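K.L.:
From first to last, the protein sequence lines are chains A and B.
Residues in the first sequence are numbered consecutively from 878, following the working numbering.
Residues in the second sequence are numbered consecutively from 3, following the working numbering.
Source of the hints: derived by calculation from the structure; they are not laboratory data.
What you are looking at is a predicted structure, and each value in this text was computed from that prediction instead of being measured.
Please note that a few of the clues may not be correct.
[Stated by the list, open to error] Lysine-lysine pairs mimicking DSBU-like chemistry, simulated, CA-CA at most 35 Å apart: (1) A/LYS1011 <-> B/LYS248; (2) B/LYS22 <-> A/LYS1185; (3) A/LYS965 <-> B/LYS182; (4) B/LYS202 <-> B/LYS226; (5) A/LYS934 <-> B/LYS226; (6) A/LYS934 <-> A/LYS1130; (7) A/LYS1012 <-> A/LYS1061; (8) B/LYS226 <-> A/LYS1203; (9) A/LYS934 <-> B/LYS102; (10) A/LYS1185 <-> B/LYS102; (11) B/LYS102 <-> A/LYS910; (12) A/LYS1203 <-> B/LYS198; (13) A/LYS1203 <-> B/LYS22; (14) A/LYS1185 <-> B/LYS182; (15) B/LYS198 <-> A/LYS1041; (16) A/LYS1166 <-> A/LYS1096; (17) B/LYS247 <-> A/LYS1012; (18) A/LYS1041 <-> B/LYS248; (19) B/LYS247 <-> A/LYS1185; (20) A/LYS1121 <-> B/LYS102; (21) A/LYS910 <-> A/LYS1130; (22) B/LYS22 <-> A/LYS1103.
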Amino acid sequence: MKLSKGLFGDLYLKMVQTRNFEETAARLFVEGKVHGTAHFCIGEEATGVGVCSALEKEDMITQTHRGHNQAIGRGMDLKRMMAEFLGKETGYCKGKGGCMHIADFSVGSLGANGVVGGGIPVATGAALSQKYFKKSNITVCFFGDGATNEGAFHESLNLASVWKLPVLFVCTNNYYGMSTHISKSMNITDIASRAASYGMKGITVDGNDILAIYEETLKAREYILKNGPLFMVLNTYRWMGHSKSDSQVYRTKEEVNEWKLKCPIKRFREYLIKEKIFTEAEIGAFDKKAQDDVAAAVDFANASPEPKIENIFDDVYADGDMRTQKPKNGFVL
Amino acid sequence: MREISYAEAIKEAMSEEMRKDNRIILMGEDVAVYGGAFGVSRGMFEEFGDERVRDTPISELGFTGCAVGAAMTGLIPIVEIMFSDFITLALEQLVNQGAKNRFQFGGQGSVPMVLRAPGGSGTGAAEQHSQSMESWVCNVPGLKVVIPSTPYDAKGLLKSAIYDPNPVVFLEQKLLYRVKGPVPEPGDDYTVPLGKADVKREGRDITIITYGRMVPRCLKVAEKLAAKGTDVEVVDVRSLVPMDKKTLIASAKKTGKVLIVHEACQTGGFGGEIAAVIADSEAFFYLDAPIRRLGGLDVPIPYNPKLEAQVVPTEEKITAAIESLL
Ligand SMILES: Cc1ncc(C[n+]2csc(CCOP(=O)(O)OP(=O)(O)O)c2C)c(N)n1
């Protein structure tokens, strides 16, 4: 497939932005500037960026707790993401959601989820709207390998299949749910084979190869609009612990290091140079831009006000009447 | 006014609004050709077709969550849970995904959906098909909770629930489905707003605050006591969240005596909330007796019909509770 130089640059930039965003966020943690928890996807950047870059403007996504790559891939604003991470009023969720709930309806992100598998039924519903209103769009539903043991996963694949809904179910298989290796949580090694029980096509893609992910997503999109849902498994690896409190006793340094050699960013950078798509200097400019963008996001977040307790009841309930209200959310309307 | 059943009233509300607004769909187990386990949606599949009246697989979590996602993106789904007991299976999606949605995403969206579920005992269906679930959902910010007691209220409240931009849990009462009552002609487009209680019977001597299937039962007791000279006021809460505290407090002030009656188990039941609202209001200074609660016994609903009838407030128990307060 022939991709444009602009697209190559965009894929690369978004991956390094994600890496940089998370390294910065991790540092803010160490500095004690952030409370709560955070789940980093360092090592998995190609998955969310690759899939989301292949989508059309009015497609929708649901994200996971480990979804900075999905958010940045979908074009969310780094400033508002960082502000949400720091719990500020200017964040996507006005500081009430944090990065486990980050969402940007204006770009079709229906939200990240703190419940493992929680967004899978929601995504089928978004796809129901798309089909009902005869849109030529799909919803992409991200989740981890661990989530595929939840009832929400099985019920949703079944429902989407029976109703032929335009959903792309994307499993980011990093082989662990917290400390539990997939060999201890399922008696199969090929997660994509789960699709068969719903009469659905299941495919597996190298989750560290951004071009393969991008191209398979384009194909999947076409397939889905004609045939209904598809299940795609992306095999990859999380370099960091599950969250900040993880001492990682469940895996060896050798295993982690082996995967670090397969870094999706390094691999893509080498490809871009070998194929003479970009020069070293051009790549360096992307790296610099990513750094600057994240630094600007931190400055924006630091300068932003804290949310006020006086506004705590805002948004518990929506006001108004659906007779006169065309809901602004989502793309379908 | 013509009289129709509570079930027909609910169907009329859905059908009339579905004719007007194509964003509204009905989904649930066996709601299509079968017409729903209690026949509430009978005929709707024939009128609206399989895009708008959708049979789901038996997977409460999955299809409730599907409704949440659909509601976020332009549809107004009405979800039927076959028996309210099975709300437990759907709670993750209803609570964590639906109810918290607007707040946790900073007000970006809304979830205009209705979850209809028949609740209550009295049909011999035993422990897993007879529960009253209101307390489970009233403790969740972001949900609204409605329990109609008459066909008139059922139709009017359901129309309001459909067009409310929030997830509304609409708890129907199995034993009331076949009960008839006056309802305006279909053309007469009335609604009953959420958040308004209704004084179903005015009285001077004592207030009963109740809702759902216990409303007709309390009214019956009130009529019997009227013959003996006791004038009972019966207030139907109707909408538990948001609750019309004003009407409840005003009635308590007026009579100075309050009995709260509901079918759900007493411990942790919604009656405790109502009691606290009264005790914490200016009505407290007008009370001539302690506020009393009469809820169901703290047991699952048993199968044996005689036992089943005795574990929820009976006319005798309601009468005795009133008399103990006079
Ligand atoms: C329903 C539920 N159970 C448990 C948790 C705690 N938890 C958060 S992430 C996680 C692991 C999820 O594993 P996986 O789905 O593979 O995603 P990954 O974290 O590997 O990206 C667990 C157990 C949760 N958030 N939700």
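K.L.:
Now tell me, hint by hint, if it's right for this structure.
P.N.:
Against the structure, the hints:
For a cut-off of 35 Å, the pair hint linking A/LYS1011 to B/LYS248 is broken: about 46 Å separates their Cα positions. A hinted pair counts as satisfied when its Cα atoms are at most 35 Å apart, and B/LYS22 with A/LYS1185 does not qualify at roughly 41 Å. For the hint pairing A/LYS965 with B/LYS182, the CA-to-CA distance comes to about 54 Å; that exceeds 35 Å, so the pair is violated. Between the alpha carbons of B/LYS202 and B/LYS226 the distance comes to roughly 15 Å, so the proposed pair stays at or under 35 Å and holds.
A distance of roughly 67 Å separates the Cα atoms of A/LYS934 and B/LYS226; the hinted pair therefore is violated under the 35 Å criterion. In summary, the hint linking A/LYS934 to A/LYS1130 is not supported, as the alpha carbons are separated by about 41 Å, beyond the 35 Å threshold. For the given pair, A/LYS1012 sits about 41 Å from A/LYS1061 by alpha-carbon distance, which is inconsistent with the 35 Å threshold. At roughly 50 Å between alpha-carbon atoms, B/LYS226 and A/LYS1203 are farther apart than 35 Å, so this suggested pair is violated.
The straight-line distance between the Cα atoms of A/LYS934 and B/LYS102 is roughly 26 Å, inside the 35 Å bound, and the hint therefore holds. Of the pairs offered as hints, the one joining A/LYS1185 and B/LYS102 holds, with about 19 Å between alpha carbons and a cut-off of 35 Å not exceeded. With a CA separation close to 26 Å, the supplied pair B/LYS102 and A/LYS910 stays within the 35 Å bound. Under the criterion of a C-alpha separation no larger than 35 Å, the hint pairing A/LYS1203 with B/LYS198 is consistent with the structure, at around 26 Å.
Between A/LYS1203 and B/LYS22 the alpha-carbon distance is near 15 Å, which keeps this suggested pair within the 35 Å criterion. Straight-line distance between C-alpha atoms of A/LYS1185 and B/LYS182 comes to about 51 Å, which puts the hinted pair past the 35 Å bound. Pair hint B/LYS198 plus A/LYS1041 does not hold up; C-alpha atoms about 42 Å apart against a cutoff of 35 Å. At roughly 31 Å between alpha-carbon atoms, A/LYS1166 and A/LYS1096 fall within 35 Å of each other, so this suggested pair holds.
Proposed proximity of B/LYS247 and A/LYS1012 is contradicted: the alpha carbons are some 45 Å apart, above 35 Å. Restraint check: the Cα-Cα separation between A/LYS1041 and B/LYS248 comes to about 49 Å, which exceeds 35 Å; the hinted pair is violated. With a C-alpha separation of about 28 Å, the suggested pairing of B/LYS247 with A/LYS1185 holds against the 35 Å cut-off. With a C-alpha separation of about 25 Å, the suggested pairing of A/LYS1121 with B/LYS102 holds against the 35 Å cut-off.
Pair hint A/LYS910 plus A/LYS1130 holds up; C-alpha atoms about 28 Å apart against a cutoff of 35 Å. The straight-line distance between the Cα atoms of B/LYS22 and A/LYS1103 is roughly 31 Å, inside the 35 Å bound, and the hint therefore holds.
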